[in-house]
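Q: One-letter residues, chain by chain:
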Amino acid sequence: MIDFLAQHADILITLVKIALLLFIVLTVNAYLTWFERKVVAHMQSRWGPHRVGPHGLLQPLADGAKFLLKEDPTPAGVDKFTYYLAPLMALALALTSIAIIPFGPDPLRIFGRDVYLGIVDLNIGLLALFAITALSVYGVALAGWSSNSKYPLLGGLRSSAQMVSYELALTMSVVGVLLSAGSFSLRDIIGAQASPRLGVFGWNIFPQILGFLCFFVAAVAETNRVPFDLPEAESELVAGFHTEYASFKFAMFFIAEYTSMITVSCLCSIMFFGGWLSPFPASWTFTHFLPSAILIPFGLWVIWDGIRYETIFGRIILPGLGTVITALGALLVVFPAVNEFIQGPFWLLSKIFVFLFVYVWMRGTLPRFRYDQLMSFGWKLLLPVSLANAVITASWILVRGGQ
Amino acid sequence: MNAPLLVFFVLATMAVLGALNLILQRHPIHSALSLIVVMVALAGLYLLMGAEFVAAVQIIVYGGAIMVLFVFVIMLLNAGVEEHTNASKLAGIAGVPLAVALMGFLAAAVARSTDTVQAAAQTGAVAPTKALANLLFQGFVYPFELTSFLILVAILGAIVLAQREKA
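So the protein lines, in turn, are chains A and B.
Counting in numbering that gives the first Met the number 0, the first sequence runs from 0 upward without gaps.
Counting in numbering that gives the first Met the number 0, the second sequence runs from 0 upward without gaps.
Here chain A stands alone, though its shape is the one from the complex (with noise of 0.2 Å):
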C-alpha cells in the first residue's frame, strides 16, 4: 500500500489538491451568495440576510440545507436524458475550468515533493479555457429546450444567440495579452508582466486597456450576469432557462454561475492586473506585512463588534471568529517564511475579490440591456474594437522590433 501510494504520489497529491480546491470554491461560492446579498442589500439601503446566524452568516447552510431537503419535480413532457443532463454540464464545466487558473508563484514543499498552487498548468492554459467556456453554452441552451416550457426556451434561445456573439469578441480581446506574452500559459503571461523597471505600469491594463474593457463585457455576457442576464431575465421570463428547475438541479445552475465569476476574476486579475505580482516595488519589504495590517485590524474589529452584538449566539460566535482572524494575522508575523509564501497568493487573491465586488455593483446599479441593444453592442462596438486592438498591438510589437 505505502510502496502503491509512493511511486504514485503525484496523481495522489493531485486528488487532493482537487478535493481541495472543490472544497474552497463550494464555500466560497457560498459566501459569494452572502456577501451578495449584503451589498446588494446595503446599496439599496436593505439589511440583507441577519436572522440566521449573526449578520445572517449561517444563511448560506441555510440555503444549502434548502436545496437539499426540497422537493425535486420534474415537469411532465420534459426529454428527461437532456433535462437531467443540463445541469451536470454546467456545473462540471464550471468547476473544470478553475483547475487551470495558478494562485501563486512558488512551490509548497512537501514530503521533499514540490507543489504548486494550481492543479495543472497548460501550456495552452487560455486556449483550454476558452474551449470549456465555449462548451458551457450547451448547460444553459440545453436546460431551456428540455424543459418543455416557452419560458425556459426562449431563454435557452437567447443564451445561445448572446453567447456566440460575446465569444468572439472574448476571444479576440485577448489576443493582445497573448501577443505581448507570446505563450497561452497563465504563468508565462504573468512572468511577461513582471518587470522590475517599470513596477506596477508593467502590467498589461495599462498597454491593453481596449482590451481589458472589451475582455470584462464580453466575460460578463458569457457569464449571464446583470448587465447581459438576459437569458434568465426575471421581470420577463420568470427565471428563462432554469425556471423549471427545482431543488439541488437549480443549485447547479447557481453554483456553476457563481463558480463561472469566479474563474472570469480570476482571469482578469491574471492577464490584466499582474495576478500574484505585488503593486509595489520590490524594494518596499514593509508591504510584505501589508496581509498581517489588514487581518490584525480587522480581526479586532470583528471582534468589538461582537462583544456588542444582539443575540447571545452572536456574542459568542464573532468574538470566537474575530480571535481566530487576528491569530491569523499575527502568526503570519512571527513567522516570515510562511509570510513570503503567501505574498503571490494574497496579491492574486485580494485582485480577484475586488472583481468579485465589481461583480456585485453591477448587479446593484446597472439596469438590464434590450435584446437588440445587447446584439448591435456585440457585433458593431465590441468586435471590432477587440480586433482593431489585436492590430495595433501586433503592429507595436512589429514596429518595436521584438519576438
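Simulated from the structure, these hints should not be mistaken for lab results.
Remember, it's a predicted structure, so these values are computed and weren't measured experimentally.
In this text, a Cβ means the ideal position worked out from N, Cα and C, and glycines have one as well.
Partial selection, computed: residues in chain B whose CB lies under 7 Å from chain A:
1. E51
2. A55
3. I58
4. I59
5. G62
6. G63
7. V67
8. V70
9. F71
10. M74
Put chain B on the given structure of chain A with help from the hints.
A: Then chain B, alone, in the frame of chain A:
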C-alpha cells in the same frame, strides 16, 4: 498495452459510438449532442498526438461555435422527432455496396499503417503553436488567405439571400 494506446482506443470508441448514435437517434437535438461527443473525442485524439493548439481550436470552433449554431437552429425551428420514410431503392442498391467498399478501403489503409498510429500515439511530440503559425502564415499563406476570402463571399451571399427574403 501502454497508456497512450489505451487512451487512443477509449477516445476512438467514443468517437465511433457517438457517430453511430448520431445516425440512429431520431431526435435532432440528440443527434446534435452525439456530434458534439464526436468532436470532443476527436479533440482528445489530437491532444494525444501532441497537437494541443489544434485540439483546443477543434473544441472552440467545432464543439463550441458551430454546434451551438446547430442546436440554436434546431431549437428555433422546434424540430420534432424525425419521421422515417421508406428509403429509396437507389440508395439501397447503389449506396450499400459503395458504403461497404469505402469501409473496406479505410480498413485496409488503417490495417497497413498500424505502426504509424502507434508511433503517433507514443511519441507525444508537441507540435508547437509557433510551428503551426509559421506553416499557415508563411508556407501556405496564399491558400489560407484565399480560404478566408471564400468564407467572406459565403457570408456576403447569406446576407444577400436573407435581405432579399425580407424585401
